[in-house]
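**Q** Protein sequences appear in the order of chains R and Z.
Okay, so the first sequence: first residue is 117 according to my numbering, each after it adds one.
Okay, so the second sequence: first residue is 356 according to my numbering, each after it adds one.
FYI, nobody ran anything at the bench for these hints, they're computed from the structure.
Worth double-checking, as some hints may not be accurate.
[Stated by the list, open to error] Computed, partial: chain Z to chain R, Cβ under 8 Å:
no. : residue
1   : 374
2   : 388
3   : 398
Note that CB positions come from ideal geometry on N, CA and C, so glycine has one too.
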Amino acid sequence: AQTVTQSQPEMSVQEAETVTLSCTYDTSESDYYLFWYKQPPSRQMILVIRQEAYKQQNATENRFSVNFQKAAKSFSLKISDSQLGDAAMYFCAYRSPNFGNEKLTFGTGTRLTIIP
Amino acid sequence: KAGVTQTPRYLIKTRGQQVTLSCSPISGHRSVSWYQQTPGQGLQFLFEYFSETQRNKGNFPGRFSGRQFSNSRSEMNVSTLELGDSALYLCASSLGPTGELFFGEGSRLTVL
């Protein structure tokens, strides 16, 4: 079974600064998908960024980028130029592409606070 | 395009009662999955449906059940409610196994 670990329960960053959230995972599969989801206090889970394991290039979405290290099974999220609206719970998640096993396995989350 | 819609948003039940939660996926999405979110256990997978068939089930007791209709709408049911069933129940839809999941706002269940 796959597991996802987020070792930072809470993080804080000054507005406009850069912060990196850590995520490691364990799997025996060679092909899979990794995601970062954001859950603001309004609680709707929003996709931030996704990474396909077969792609070596790290995914980027505007101010959000990942550092995907497949051999190390590490998938960190970097948020540049942090904004007040970035304050939320961030969940790292793993998804298998195998038929019948496409569930998301989530980490425990990192609560990000933005300091004005 | 409308997002994932979950109803009701909030509900309060007492122990022993049952509850039914509804989820309407994004138009065109045929896969619907359900997750339970609690402060203690985090986000846990309940089950996934595709074309009216349950393809995957999480480690929950038989009191938790679900179904999917031909229009891809899904319902989940919890019978004989226990205090520990108090949680945010999230529904998500996707096009298929390679697509990202889009989540609804959730149904907040409180069991007294």
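**Q** To test your reading of the hints: which numbers does this structure violate?
**A** Hint 1 contradicted; others consistent.
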